[in-house]
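Construct the complete structure from the given sequences, taking the supplied hints into account.
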Amino acid sequence: MLATPAPGLAETRDNAVFDALLWTLSRPGLPRGLPEPGEGSIISALLDRECLVYAADPLLMPEIMRTGAEMADIDKADHVFLGAMATFDTLADIAIGSDYYPDDGATVIIRASIGSGVALRLTGPGVDGAVTIRLDGLPDGFWKVRAARLRYPMGFDLFFVDGARVVGVPRSTTVEEI
Amino acid sequence: MAYVATRGGERAIEQSERLFREEMGGFDRARVDEVKKSLPYLIDRVMGEASLYDEDLAALALAQTGGELYEAVLLLRAWRTTQPRLQVAEPVEQDTLFTHRRISAAFKDIPGGQVLGPTLDYAHRILATDVLQGASYAPEPVDPADTPSPAYQPSVSAWQAENDLLDPPAEDPTKGNDIPDLTREPLLFPSKRAHTLQSLARAETGGVLALGYAAMRGHGQAHPTVNELRLAEAEIAVTHPDGRQFSAGRVKVSQAEVVDKKGEKLGIGYAATFGWNEVKCIAAATLDLNSPGAEKGSATEEEFFLYHTEGLESSGFCIHFKLPHYVTFQSSLDAMRDAKAKKAAGAPKQQEPAE
Amino acid sequence: MSLSTLTKPWEAMSYGFLDGSAKRELRRKMLKSVAVPGCQMPYASREVPMARGWGTGGLQVSLTLVNPQTRVKVIDQGADDSVNAASIRRFIARVAGTPTTMDTLDADLIQSRHRIPEEILREDQVLVLQVPNPEPLRPVQPNTSIARQMHADADYGRMWLQLYEQIVRSGRVMQGASYPSLVHGRHVMTPSPIPRWDVPKLHMAKHLTILSAGREKRIFAVPPYTRVEPLVFSDVPYKVEEHGALTCTRSGTTGFFMNEIPQDDGSSAFEVSDSEWGVKTIRARDGEGESRGETWYKDGEMPQ
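Protein chains in written order, with this note's numbering: chain A, 1 to 178; chain B, 1001 to 1355; chain C, 2001 to 2304.
Among the hints, erroneous ones may be present.
Distance condition first, Cα-Cα at most 27 Å in a straight line; then the derived BS3-like pairs of lysine-lysine [to be verified]:
(1) K1175/B x K76/A
(2) K2239/C x K1342/B
(3) K1343/B x K2298/C
What follows is a set of in silico ranges between Cβ atoms, one per label pair, in the way DEER data are often shown [as the list claims (entries may be wrong)]:
(4) A1237/B x P2068/C: 40 to 50 Å
(5) G2252/C x R151/A: 31 to 41 Å
(6) S1149/B x R2158/C: 50 to 60 Å
Covered stretches of chain B (chain C as the covering partner; in silico rule of three or more C-beta atoms under 8 Å from a C-beta of chain C) [claimed, not checked]:
(7) 1051–1062
(8) 1078–1086
(9) 1177–1187
(10) 1262–1271
Rather than coming from a laboratory, the hints here were simulated on the basis of the structure. Treat the numbers as computed from the prediction; the structure is a model and nothing was measured. Ideal Cβ placement from N, Cα and C applies to all residues, glycine included.
Structure (structure tokens):
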């Protein structure tokens, strides 16, 4: 019968990206390495023509379009790329899903500096007790707006990308600024 | 080491497949071609349930599984799902179907005429046992009609809608890639119209018949009249990435419209599938007809009949009961024994639950 | 755009059988299932070359996660040598070229039907549980649309009532396996038909558990360090199977979940259900070295 197929370069990269995303979302606040810097590898691992995507950074658009995904308004998008955030206004419109289908809450990817800036104390599923992480480059009031928008199990899930590092903060995580 | 029998399991499953294949013998292109040529209605049924129109692949699946229908459909579905979705064809309008057979039970005659076409409906079903005695069977030649039937006709419901006998379904402008695709997303309820029709189109024939028949016998709100039943060929028009539209060929399709006569206007149920499969289309259209307002949990409720006519899932789950279940069994035994022991020890009976 | 940008070079089979789009959909849904622990997320659930009900949900998750370095263990009823476990293990190795193992401690990914191994799983391990029926409410509400609304409203009254009625009738909760459990204090989940013995292993575990029902097209997860609490009344404590004092007739190990083997004389013998634990115990007994890891249960009891 058929021989065992070997993974191509794209498959290998997508697999490694997802491994990082799944790991860090399962352990909020603990960063993980991506195979290459930036959002590009996340786009390729997650998106295809079934997706509706919003990107604040026009430079990401060609890469998103190549996956076959459709660009959409932020409130319709299942994946939201906010780039480097200047204000928290955009958070107001991100889809949080319904109580019937919480999975319609968006996956949000933001550029930030991991390890400097405001100290955050995370608790919730995936966290053994509590974990502290520093994140810089987010607009003031970000975490307050996030908390106000979440109505668990409705909400959106965050990935912060810093070069080739990514850290996840799902909607189930309670975040306190300290 | 006395304990390890691990390789035993692997050897056993390998040998069991060999046994199955040994009984059946080999197969090759010639066998596949013979299956394709001699069993077109079986091929149609398999293509419909697999939601994959390819006579060669369907014949191959039948040859490879020795005609185990559920296995053949599983082979085809598992192959189909790995293929890229390159293009969505243009919608096929009913009056563009190249029609072989088109009948209506609602009217003695219909615009475009009753076209009987190929059918065994009026054949005497006598098993040709003399063939086993050496006789051979050659079909009688067909006498062509004086005037050929028109190849293209509108649907009967279109005429009824014109005459205000029924409200035609609202036009759905969704096109191309935006059409929800059941093979790429889960069936959720209330079901999208496209999902309902797709799910019925690839439903298992016997399952659709069983539930459709239940509705026909009275477990539904509506008694169907076959408004139109059609066997046809549909032109598959696709658009090349450079913008040109071209025909990718014709596929055999069947469709049924059934109507009820309860209100001031006719209610309509519809189903269509790949291949020529009249029983499935009539039964599926009957379920569709009965589904609006059906009681939750009844056989004519959408969730009930769509879930339970999905042949790949129902057959798979059915045979999964062959797998060992001794852990769950053990777990229940433990609870049973404990409850029994408690009873024997005369544990004080607690109060009855509140009404 | 041209045809060649829409498609890819022909290959007889994609790596890991599933094509890129199937894997991406699963990845998206796995992230959502981790983000809302215990909540059933719908997914397309592609067909795989195995019949529905035979682990196709677990298989899709495994095929999406593996790469050629992933060491895979597959068990059914606790045993690596069960025919369907062998079949799935062989399939994953064949389409993804993964190394396989039977040692729980050696595995990166464990796909299982109806059991969680007795040795404690580490944080670098993923447990994939095959799920026949993902809906804990089905016994009280067979209609999925209504059941979904009940989850949305956290309306678990009928679930509680059912357990209460069992206690009144039989003096105990009669639920065998698949014991309904509250995850992160919000969603009631079925832990799949694992015995009650195994449910406490999910509570605040170090590893990630992904539960996937292929036929029913639902995926859900228990992230590490997440509360998983069996539904119990405060005055009727949760009871695991009374296996803590049983001894395996083959390996001599005591204090683990056992298979009961009826004997000709009407009595029963017991064999440890986690087959690899039995093998390791025999190896240690025969002086071939100690390879057993830390176990969840100690002396037949789960430490609180």
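Each hint tested on the structure:
no. : hint                          : in the structure
1   : K1175/B x K76/A               : holds (19 Å)
2   : K2239/C x K1342/B             : holds (14 Å)
3   : K1343/B x K2298/C             : violated (30 Å)
4   : A1237/B x P2068/C: 40 to 50 Å : holds (43 Å)
5   : G2252/C x R151/A: 31 to 41 Å  : violated (54 Å)
6   : S1149/B x R2158/C: 50 to 60 Å : holds (59 Å)
7   : 1051–1062                     : violated (count 0)
8   : 1078–1086                     : holds (count 8)
9   : 1177–1187                     : holds (count 5)
10  : 1262–1271                     : violated (count 0)
In summary, the numbered hints that this structure violates are 3, 5, 7 and 10.
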